[in-house]
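> Read off the chains here:
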Amino acid sequence: MAVSIKNLPDQELFYGHKACQGCGGAIVARLALKVLGERTCIVLPASCISSVTTIYPQMSFLVNSLTSSFPATGAVLSGMAAACKAQGLKDVTVLGFAGDGGTIDIGLQALSGAVERGDDFIYICYDNEAYMNTGVQRSGLTPYGAWTTTTPTNNNAVGEKKFKKNLFEIMMAHRIPYCATASVAYPNDLLNKLAKAKEIQGPKVLHVQAPCPTGWGHGPEKTVEIGKLAVRTGLWYLAEYENGQVTINTNPKEFKPVKDYFSKQKRFRHLTEEDFRIIEEHRDTEWKILRNYLGKDE
Amino acid sequence: MSELKMEKKHFLSGDEAVAYAVKLCKPDVIAAYPITPQTVIVEKISEFVAAKEMDCQYLHVESEHSAMAASMGASLMGSRTFTATSSQGLLYMCEMLHYVSGSRFPIVMVNANRTVAAPWNIYGDHRDSLSQRDSGWIQIYVENAQEALDATIQAYKIAENSCVSLPVMVNLDGFVLTHTYELVDIPNQEMVDEFLPSFTTTNKLDFNNPKSLCFSASPEWQTEFRYQQYEAMEAAKKIINKADEEFGKIFGRYYGGMIEEYRCADADYALVAMGSVAGTTRLVVDKLREEGKKVGLVKLRSYRPFPKEYFQKLGRRVKAVGVIDRDISFGYEGAVYSDVKGALFHPGAQVKTINFIAGLSGRDITKEYLTEMYQKLEAIDKGQNIAEVQFTGLRWT
Chain Z
1 MAVSIKNLPD
11 QELFYGHKAC
21 QGCGGAIVAR
31 LALKVLGERT
41 CIVLPASCIS
51 SVTTIYPQMS
61 FLVNSLTSSF
71 PATGAVLSGM
81 AAACKAQGLK
91 DVTVLGFAGD
101 GGTIDIGLQA
111 LSGAVERGDD
121 FIYICYDNEA
131 YMNTGVQRSG
141 LTPYGAWTTT
151 TPTNNNAVGE
161 KKFKKNLFEI
171 MMAHRIPYCA
181 TASVAYPNDL
191 LNKLAKAKEI
201 QGPKVLHVQA
211 PCPTGWGHGP
221 EKTVEIGKLA
231 VRTGLWYLAE
241 YENGQVTINT
251 NPKEFKPVKD
261 YFSKQKRFRH
271 LTEEDFRIIE
281 EHRDTEWKIL
291 RNYLGKDE
Chain Y
1001 MSELKMEKKH
1011 FLSGDEAVAY
1021 AVKLCKPDVI
1031 AAYPITPQTV
1041 IVEKISEFVA
1051 AKEMDCQYLH
1061 VESEHSAMAA
1071 SMGASLMGSR
1081 TFTATSSQGL
1091 LYMCEMLHYV
1101 SGSRFPIVMV
1111 NANRTVAAPW
1121 NIYGDHRDSL
1131 SQRDSGWIQI
1141 YVENAQEALD
1151 ATIQAYKIAE
1161 NSCVSLPVMV
1171 NLDGFVLTHT
1181 YELVDIPNQE
1191 MVDEFLPSFT
1201 TTNKLDFNNP
1211 KSLCFSASPE
1221 WQTEFRYQQY
1231 EAMEAAKKII
1241 NKADEEFGKI
1251 FGRYYGGMIE
1261 EYRCADADYA
1271 LVAMGSVAGT
1281 TRLVVDKLRE
1291 EGKKVGLVKL
1301 RSYRPFPKEY
1311 FQKLGRRVKA
1321 VGVIDRDISF
1331 GYEGAVYSDV
1341 KGALFHPGAQ
1351 VKTINFIAGL
1361 SGRDITKEYL
1371 TEMYQKLEAI
1381 DKGQNIAEVQ
1391 FTGLRWT
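Those protein sequences? They're chains Z and Y, same order as listed. Just so we're aligned, residue 1 is where the first sequence starts under the numbering used here, counting upward by one. Just so we're aligned, residue 1001 is where the second sequence starts under the numbering used here, counting upward by one.
All the given hints hold, so there is nothing to weed out.
Dumping the calculated BS3-like pairs for lysine-lysine here, alpha-carbon to alpha-carbon at most 25 Å:
(1) K1044/Y x K85/Z
(2) K1052/Y x K90/Z
(3) K34/Z x K1211/Y
I should point out that these hints are in silico values taken from the structure, not numbers from a laboratory.
Let the hints inform the model, and build the full structure from the sequences given.
The structure is reproduced here in structure tokens:
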């Protein structure tokens, strides 16, 4: 039976945390543990989620957890997975839960190594598109045009000048058993991807967009709405890679105007029509690349 | 003694001797990354694993940082682990060294001592490990390949003692020990099993009673955690000595625990040395003793914890102490010298001291140099004015 919000267990394995209201990352963590269950060991590098959950003596996870060093999530997961193998531990999920900077910047080498080794773990990158824990500095997953404290905006500057790195394709290039993109705003899609990941042997990586009211400049009640708009405007896609095949989970014929997404967030309020044009052009290219994978597979 | 005869002599390099020790200690997980002059250790272990002589998970990690992180991941699941590194690699994993010691994981690592760049050089000195003095690791320095093997086995015994629960770094000099062959006894497995039982710990994840490890601690609690680390290091002093005694009883080889004295009982002049240079120094001591000089050697095995209490007593019974440092703390003096001096000058001590900076980046410390060091100790005792920090064999004076 497919997992859905309706048949999730009531048991909470994550509560009492200090995340901001409307935190997308916290929603991902809560939902993930509902699917993955009690026999999960969660590894958290330096991130929002570690700093709002595991401050002695108040621990917010009811599963085993540890706070790892910033660059090392992948390697710690490998060590844990190897120990499980050595000890013959069964039915254990070794889960990495890292932010965008901890994944795509400082953590990329360790993640790449762990995926290449083929160790058995799930890795979730909850992507709030900047170093939010340290106060909104740009990361390799900050989108073009976004204001952050290290990509300021003024008459001469647009904010972030580069587009997001593509973690999904980086993982595909590793020929990983399973990777997917997902969004907090599409929980059933996310839950089923987690359930699928749990059943697959080897490394699994999920890249989940997780809006951040504090860093993005929107109300805490808008997290899901913003997440939905990202997908409907084509600025975020929901896709899977499994057995060498790409699946696009939502493949819209037409995109909503990107302005609908940008106008609801303070971090983009300086953008001009020219910026929208650049962004749409980039979006269309990205979708062309993604849809091309479908063509090749057939 | 009949059991001792079961040991067999093998012609091994220091690195190979370490690999045999690791095999005998049966770790569950090994994280391997190459760096000269350590590489032979992980190569040899990979051969053991391939030949099914070892039953363990052998991880080809992509960096030293990940080597230590993976070791931590395995240790926190309750597995015995091993990794090895050197020089730049040790510096690269520096962050993880603190994580491991602060979280009290009894990981054993062998460090093949090599200098650090720049200037780039692959040869031995102690600047790599001494720079990690405050990382919270127990640091043991060995004199020869046999001691490298024996100290690696002892390291698990020390690290996994529940009063200690700290990581241990066994240091052996790059090339001089790692790549030099000597006759080595390989203990038999049953005897090692008797000395080192399988690893058990409560400091691991638990599915019946989930916990958080390596968590954050606020200013309200950080001091208490640091105090526990301090106490564990103090406790380790006794455990290091005890492990050596127990080891000696089973295998017939004693190393003195934290320090070993050589002909120091009535010595006026003592040289303090760590690592392979202790071997050469013994020869020089013997020679000078034949000439009637009252000289001795203090071989410092445990740099952290530091045998402060020993040096406090030494300062009251010898006339001059020289410390050989295969390192230099720029802006001050040799790191070992600072520590020895700090302990020697306990109330009541009238001892004179000189710091000999020697053997940097693999330069030989010859018998002539060592003889000169003893001469300088005698000279300073007789009132001659000698600069406190001496660079041995310096081209420019």
